[in-house]
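Number of protein chains: 2
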Amino acid sequence: MIAQTPPPPYYAVVFTSLRSDIDNGYSSMAMYMEELAREQPGFLGVESSRDEAVGITVSYCDSLESIKAWKANMQHTVAQERGRAEWYTGYKTRICKVERDYEF
Amino acid sequence: MIAQTPPPPYYAVVFTSLRSDIDNGYSSMAMYMEELAREQPGFLGVESSRDEAVGITVSYCDSLESIKAWKANMQHTVAQERGRAEWYTGYKTRICKVERDYEF
Numbered sequence: 001m002i003a004q005t006p007p008p009p010y011y012a013v014v015f016t017s018l019r020s021d022i023d024n025g026y027s028s029m030a031m032y033m034e035e036l037a038r039e040q041p042g043f044l045g046v047e048s049s050r051d052e053a054v055g056i057t058v059s060y061c062d063s064l065e066s067i068k069a070w071k072a073n074m075q076h077t078v079a080q081e082r083g084r085a086e087w088y089t090g091y092k093t094r095i096c097k098v099e100r101d102y103e104f
Numbered sequence: 001m002i003a004q005t006p007p008p009p010y011y012a013v014v015f016t017s018l019r020s021d022i023d024n025g026y027s028s029m030a031m032y033m034e035e036l037a038r039e040q041p042g043f044l045g046v047e048s049s050r051d052e053a054v055g056i057t058v059s060y061c062d063s064l065e066s067i068k069a070w071k072a073n074m075q076h077t078v079a080q081e082r083g084r085a086e087w088y089t090g091y092k093t094r095i096c097k098v099e100r101d102y103e104f
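Chains P and D are the protein sequences, given in the same order.
When the letters of the first sequence are read in order and numbered with UniProt numbering, they come out as residues 1 to 104.
When the letters of the second sequence are read in order and numbered with UniProt numbering, they come out as residues 1 to 104.
Mixed in with the good hints there might be a few duds.
[Said to hold, decoys possible] Under the rule of at most 27 Å between Cα atoms (straight-line distance), these lysine-lysine pairs were calculated in the BS3-like manner: (1) P:Lys68 - D:Lys71; (2) P:Lys71 - D:Lys68; (3) P:Lys92 - D:Lys71; (4) D:Lys92 - P:Lys97; (5) P:Lys97 - D:Lys97; (6) D:Lys71 - P:Lys97; (7) D:Lys92 - P:Lys92; (8) D:Lys97 - P:Lys92; (9) P:Lys71 - D:Lys92; (10) P:Lys68 - D:Lys68.
By construction, these hints were calculated from the structure, which means they are not laboratory data.
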């Protein structure tokens, strides 16, 4: 559940969302999106936590190019549009370059 | 609950942890650490989500220097040591430069 990423540098997409009360299909879509992410070229791993109010998903990629390709992915876009309408009351996405990491 | 950060670039510290079953003082310490973080020079915001297994906290800072100062903070160090022993079965910290963001 902690992504086994290679030594930096690599890229992270931090997606923070405020959930609405609607759960209509959200869980199965989230799992499907994660499956799709794993199939993307350059995918390095994903970490996710969700409580009643806030969800944070961090996806790791080897390059900005991988992130762009993922964004352009049609099915992902469909989920984003539906997310905008139904599942989230707000979200923020941050594209980051991981410069250092350490673990225990 | 979504941090109101300024336009990029800025820095993010992504802290992903696997929780142990022990909750002895964890919640109050986590709140205390967040208060301390807010007092740090260069602090821009924090986002946090925690479910039964995984916790993700993302702290935002204006510079790498702010992150270093925070790391050196004694009380933070104490909480880290205690966290290592009691609250977490594993964690990973990633220091990232936020290059782009967008929201809804």
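Each hint tested on the structure:
As the CA atoms of lysine 68 of chain P and lysine 71 of chain D are separated by approximately 33 Å, the hinted pair breaks the 27 Å bound. Note on lysine 71 of chain P and lysine 68 of chain D: the hinted pairing is violated, with a Cα-Cα distance of about 33 Å set against a maximum of 27 Å. With a C-alpha separation of about 26 Å, the suggested pairing of lysine 92 of chain P with lysine 71 of chain D holds against the 27 Å cut-off. Taking the CA atoms of lysine 92 of chain D and lysine 97 of chain P, the gap is near 16 Å; set against the 27 Å cutoff, the hint holds.
Taken as a hint, the lysine 97 of chain P and lysine 97 of chain D pair is honoured in the structure, with Cα atoms around 5 Å apart against an allowance of 27 Å. Restraint check for lysine 71 of chain D and lysine 97 of chain P: the C-alpha separation of about 20 Å stays at or below 27 Å, so the hint holds. Among the hinted pairs, lysine 92 of chain D with lysine 92 of chain P is consistent with the structure: their alpha-carbon atoms are about 22 Å apart, no more than 27 Å. Distance check on the hinted pair: lysine 97 of chain D and lysine 92 of chain P sit about 16 Å apart at the alpha-carbon level, within 27 Å; holds.
At roughly 26 Å between alpha-carbon atoms, lysine 71 of chain P and lysine 92 of chain D fall within 27 Å of each other, so this suggested pair holds. Pair hint lysine 68 of chain P plus lysine 68 of chain D does not hold up; C-alpha atoms about 31 Å apart against a cutoff of 27 Å.
Checked against the numbered hints above, the structure breaks hints 1, 2, 10 and satisfies the rest.
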